[in-house]
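**Student:** So you can see what is in the structure, the chains are spelled out below.
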Amino acid sequence: KAGVTQTPRYLIKTRGQQVTLSCSPISGHRSVSWYQQTPGQGLQFLFEYFSETQRNKGNFPGRFSGRQFSNSRSEMNVSTLELGDSALYLCASSLVSGRDEKLFFGSGTQLSVL
Amino acid sequence: GIQVEQSPPDLILQEGANSTLRCNFSDSVNNLQWFHQNPWGQLINLFYIPSGTKQNGRLSATTVATERYSLLYISSSQTTDSGVYFCAVESWETSGSRLTFGEGTQLTVNP
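Residue numbers (the numbering used here), protein chains in the order written: chain A, 551 to 664; chain B, 50 to 160.
Just so you know, not all the hints are guaranteed correct.
With a straight-line cut-off of 20 Å between C-alpha atoms, the simulated SDA-like cross-links for lysine to any residue are [unchecked claim]: (1) Lys652/A - Leu108/B; (2) Lys652/A - Asn105/B; (3) Lys652/A - His579/A; (4) Lys652/A - Gln91/B; (5) Lys607/A - Gln52/B; (6) Lys652/A - Ser77/B; (7) Lys652/A - Leu120/B; (8) Lys103/B - Gly90/B; (9) Lys652/A - Asn87/B; (10) Lys607/A - Asn87/B; (11) Lys607/A - Asn105/B; (12) Lys652/A - Thr555/A; (13) Lys607/A - Gln591/A; (14) Lys652/A - Gly153/B; (15) Lys652/A - Thr102/B; (16) Lys652/A - Ser124/B; (17) Lys652/A - Pro57/B; (18) Lys652/A - Gln104/B; (19) Lys652/A - Ser100/B; (20) Lys607/A - Leu120/B; (21) Lys103/B - Ser124/B; (22) Lys607/A - Tyr118/B; (23) Lys652/A - Ala114/B; (24) Lys607/A - Ser140/B; (25) Lys652/A - Ile93/B; (26) Lys652/A - Ser109/B; (27) Lys103/B - His579/A; (28) Lys563/A - Ser124/B; (29) Lys652/A - Ile51/B; (30) Lys652/A - Val113/B; (31) Lys652/A - Leu95/B; (32) Lys607/A - Val133/B; (33) Lys652/A - Tyr97/B; (34) Lys607/A - Gly50/B; (35) Lys563/A - Lys607/A; (36) Lys652/A - Tyr118/B; (37) Lys652/A - Gly101/B; (38) Lys563/A - Pro99/B; (39) Lys652/A - Val133/B; (40) Lys652/A - Phe150/B.
Keep in mind that the hints were calculated from the coordinates and are not lab data.
Could you put the whole structure together from the sequences, leaning on the hints where they help?
**Tutor:** Put into structure tokens, the structure is as follows:
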């Protein structure tokens, strides 16, 4: 069974641009979560989608948004990029959305904002 | 929100040594997971362990939920065990899936 797939692996953008990251969950998994990892703030929760609905949202500005498609694939979008958005963005999937679910992570997208 | 503290922040071992990593959390949890982040950035799920004890090869984990801590044991360490180990929890108040991560323990195993 294929794991969580994130594309692209690396991305370089300039301030003010927007970016879209993609995540394909493990086959059969319906919940997709996104996390941001930076050296200063560590791993922080962005949002979670389940059955095309956002179930949870972290403390990030409205420039960060996401969506989930009917096949459970998810995208996250960051508009008006800032230097501080440079980070490793990790996607995780689980079978359903719940408290006792084991998360499986992808390899991440390394975003650099110049 | 719930707070997660991991110790030690850094650990350097010789190959073959044993180690214990600790995770303290500030509130009752219904989900606790240990992850290993490899040099390429991927988080590998080691254990889902909101309570009790589990073992997987040279690794084992114990969570004492009533005392709000979890321990990860690594025995006979190998150089491939190097990387960052994260503890992540979810409190009873959370609906859906939303993990809070600790700051991690950076483990270096020297040959």
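**Student:** So, for every hint listed, does it hold in this structure?
**Tutor:** Going down the list of hints, with the structure as the test:
Taking the CA atoms of Lys652/A and Leu108/B, the gap is about 18 Å. The hint holds against a cut of 20 Å. In summary, the hint linking Lys652/A to Asn105/B is supported, as the alpha carbons are separated by about 16 Å, within the 20 Å threshold. At most 20 Å may separate the alpha-carbon atoms for a hinted pair to count; Lys652/A and His579/A meet this at roughly 11 Å. This hinted pair checks out: Lys652/A and Gln91/B have alpha carbons roughly 15 Å apart, not beyond 20 Å.
About 18 Å separates the Cα atoms of Lys607/A and Gln52/B, which keeps this hinted pair within 20 Å; it holds. A distance of roughly 18 Å separates the Cα atoms of Lys652/A and Ser77/B; the hinted pair therefore holds under the 20 Å criterion. The suggested pairing of Lys652/A with Leu120/B holds, with an alpha-carbon distance near 18 Å, which does not exceed 20 Å. The hinted pair formed by Lys103/B and Gly90/B fails the criterion: a straight-line CA distance of about 25 Å is larger than 20 Å.
Between Lys652/A and Asn87/B, the direct Cα distance comes to roughly 18 Å. Compliance with the 20 Å bound is thereby established for this hinted pair. Straight-line distance between C-alpha atoms of Lys607/A and Asn87/B comes to about 27 Å, which puts the hinted pair past the 20 Å bound. Our distance criterion of 20 Å between C-alpha atoms is broken by Lys607/A and Asn105/B, whose separation comes to about 33 Å. Between Lys652/A and Thr555/A, the direct Cα distance comes to roughly 17 Å. Compliance with the 20 Å bound is thereby established for this hinted pair.
Restraint check for Lys607/A and Gln591/A: the C-alpha separation of about 17 Å stays at or below 20 Å, so the hint holds. Only pairs whose Cα atoms come within 20 Å are accepted, and Lys652/A paired with Gly153/B is accepted, the gap being roughly 19 Å. Restraint check for Lys652/A and Thr102/B: satisfied, since their Cα atoms lie roughly 16 Å apart, inside the 20 Å limit. Between Lys652/A and Ser124/B the alpha-carbon distance is near 24 Å, which puts this suggested pair outside the 20 Å criterion.
Only pairs whose Cα atoms come within 20 Å are accepted, and Lys652/A paired with Pro57/B is rejected, the gap being roughly 25 Å. Among the hinted pairs, Lys652/A with Gln104/B is consistent with the structure: their alpha-carbon atoms are about 16 Å apart, no more than 20 Å. The hinted pair formed by Lys652/A and Ser100/B meets the criterion: a straight-line CA distance of about 14 Å does not exceed 20 Å. The hinted pair formed by Lys607/A and Leu120/B fails the criterion: a straight-line CA distance of about 29 Å is larger than 20 Å.
Using a Cα cut-off of 20 Å, the hinted pair Lys103/B and Ser124/B holds, with the two alpha carbons roughly 14 Å apart. Taking the CA atoms of Lys607/A and Tyr118/B, the gap is about 26 Å. The hint is violated against a cut of 20 Å. Distance hint between Lys652/A and Ala114/B is fulfilled; the C-alpha atoms sit about 18 Å from each other, no more than 20 Å. Taken as a hint, the Lys607/A and Ser140/B pair is honoured in the structure, with Cα atoms around 15 Å apart against an allowance of 20 Å.
The suggested pairing of Lys652/A with Ile93/B holds, with an alpha-carbon distance near 11 Å, which does not exceed 20 Å. The suggested pairing of Lys652/A with Ser109/B holds, with an alpha-carbon distance near 17 Å, which does not exceed 20 Å. About 24 Å separates the Cα atoms of Lys103/B and His579/A, which puts this hinted pair outside 20 Å; it is violated. The straight-line distance between the Cα atoms of Lys563/A and Ser124/B is roughly 43 Å, outside the 20 Å bound, and the hint therefore fails.
Restraint check for Lys652/A and Ile51/B: satisfied, since their Cα atoms lie roughly 19 Å apart, inside the 20 Å limit. The straight-line distance between the Cα atoms of Lys652/A and Val113/B is roughly 19 Å, inside the 20 Å bound, and the hint therefore holds. Taken as a hint, the Lys652/A and Leu95/B pair is honoured in the structure, with Cα atoms around 10 Å apart against an allowance of 20 Å. As the CA atoms of Lys607/A and Val133/B are separated by approximately 26 Å, the hinted pair breaks the 20 Å bound.
The suggested pairing of Lys652/A with Tyr97/B holds, with an alpha-carbon distance near 6 Å, which does not exceed 20 Å. For the suggested pair Lys607/A and Gly50/B, the alpha carbons sit about 14 Å apart, so the restraint of at most 20 Å is met. Only pairs whose Cα atoms come within 20 Å are accepted, and Lys563/A paired with Lys607/A is rejected, the gap being roughly 25 Å. At roughly 19 Å between alpha-carbon atoms, Lys652/A and Tyr118/B fall within 20 Å of each other, so this suggested pair holds.
Under the criterion of a C-alpha separation no larger than 20 Å, the hint pairing Lys652/A with Gly101/B is consistent with the structure, at around 16 Å. Proposed proximity of Lys563/A and Pro99/B is contradicted: the alpha carbons are some 40 Å apart, above 20 Å. Distance hint between Lys652/A and Val133/B is fulfilled; the C-alpha atoms sit about 19 Å from each other, no more than 20 Å. For the proposed pair Lys652/A and Phe150/B, the alpha carbon gap of about 14 Å is at most 20 Å, so the pair holds.
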